[in-house]
Amino acid sequence: MTQEELESRLQSYVGVREGPYLGWDQVNRAMIRHWCDAMGDGNPVYVDAALASEVYGTDNAVVAPATMLQAWTMVGYCGKHPPGSASIEVSDGLPIIDVFYEAGFNGVVATNCEQDYHQTIVEGDDIHHYSSIESVSGRKSTGLGEGYFMTQLFEYRNQREELVGEMRFRTLHYIPAAQAGQG
Amino acid sequence: MNEITFDSVKIGDQLPELAVDITAKLITAAAIASRDYQNVHHDQDAARSLGSPNIFMNILTSNGFVGRYVTDWTGPHGVLKRVSIRLGAPNYPGDCMRLKGEVIAKRESDRSLVLQITGRNKLGDHVVGDVIVAFSGSESCT
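So the protein sequences, as listed, match chains A and B.
Take the first sequence: its position 30, counted from the start at 1, is 30 in the working numbering, and no numbers get skipped.
Take the second sequence: its position 29, counted from the start at 1, is 29 in the working numbering, and no numbers get skipped.
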């Protein structure tokens with residue numbers, strides 16, 4: 001595949017909105033606790049329902065850390081979205097990733113994450129998301145190797161279809177320098 | 001320490017530094033807690049084959065630490081509205097990330113603060129972020 005063909009294939013995915021992608025679990029105290037345990041986050045609103053009700057106006061429910069937004073619909077170990085999602089058997093969540101892999105761009109690092117929180121996520125919520133690819137850059141030379149920056153826009157919605165948060169997520173897809181055959 | 005409120009804060013105020021020891025245990029625990037099973041966050045050989053000297057922290061964890069750093073400072077009445085981060089130098093095991101923050105604006109319209117947060121390790125800036133945090137209504141009664 002020439003660079004031109006690759007770039008035209010990559011661009012064909014831009015602007016297409018896909019979803020919904022469901023979450024495997026409802027928002028729950030165990031996953032919140034595991035997150036806070038690893039992050040060292042002792043904010044009591046994640047464990048104390050009475051305090052969360054006072055601060056966030058919940059109905060005697062704890063809230064989830066706002067920054068957990070993305071975690072609720074991650075594919076997890078099995079690499080699949082749950083049944084009921086727009087598609088299930090996709091590698092790393094997106095068909096465009098297969099195109100990157102085929103062309104040898106199998107390295108991936110996340111470079112930017114912008115999250116806006118519109119509504120508090122509360123235990124018991126069912127979160128799903130829609131995603132679209134906003135842009136794919138031209139080919140760049142980076143410290144990791146030659147690659148493309150891809151920006152995705154995610155809309156996160158709850159069981160009432162209310163927009164709880166949005167995320168712009170940028171990743172670099174690169175040919176690892178170790179594989180590029182240079183000395 | 002007195003509780004942070006919108007009115008008690010001035011532009012230019014600094015957040016107390018938070019030092020985070022970066023270990024393989026932290027990187028993997030937080031990657032799994034964020035449901036991120038990309039091999040570069042738990043498998044050293046895989047990370048090396050992709051050109052990285054070691055496993056490294058995933059972006060969801062960096063984001064989580066930035067959020068936690070801000071709400072550690074505000075206390076439970078701080079409500080995050082926006083966390084926007086850019087990653088630079090990776091967080092590898094054995095390093096230490098020092099988080100610092102500064103109040104760069106106060107928005108009277110929704111009584112929120114705009115903060116700039118930086119997390120540095122020995123390689124440079126791991127994360128640079130802008131955070132908007134508001135305060136729940138009860139603080140205005142104090």
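Treat the hints with caution; some may be incorrect.
[Said to hold, decoys possible] Here are the simulated EDC-like cross-link-like pairs (lysine to aspartate or glutamate), alpha carbons at most 16 Å apart as the crow flies: (1) B:10 x B:102; (2) B:81 x A:116; (3) B:25 x B:95; (4) B:10 x A:114; (5) B:25 x A:166; (6) B:81 x A:37.
If you're looking for bench data, these hints aren't it; they were derived computationally from the structure.
Q | Hints violated by the structure (numbers, ascending) | A | As far as the earlier hints go, 4, 5 and 6 are violated by this structure, in ascending order.
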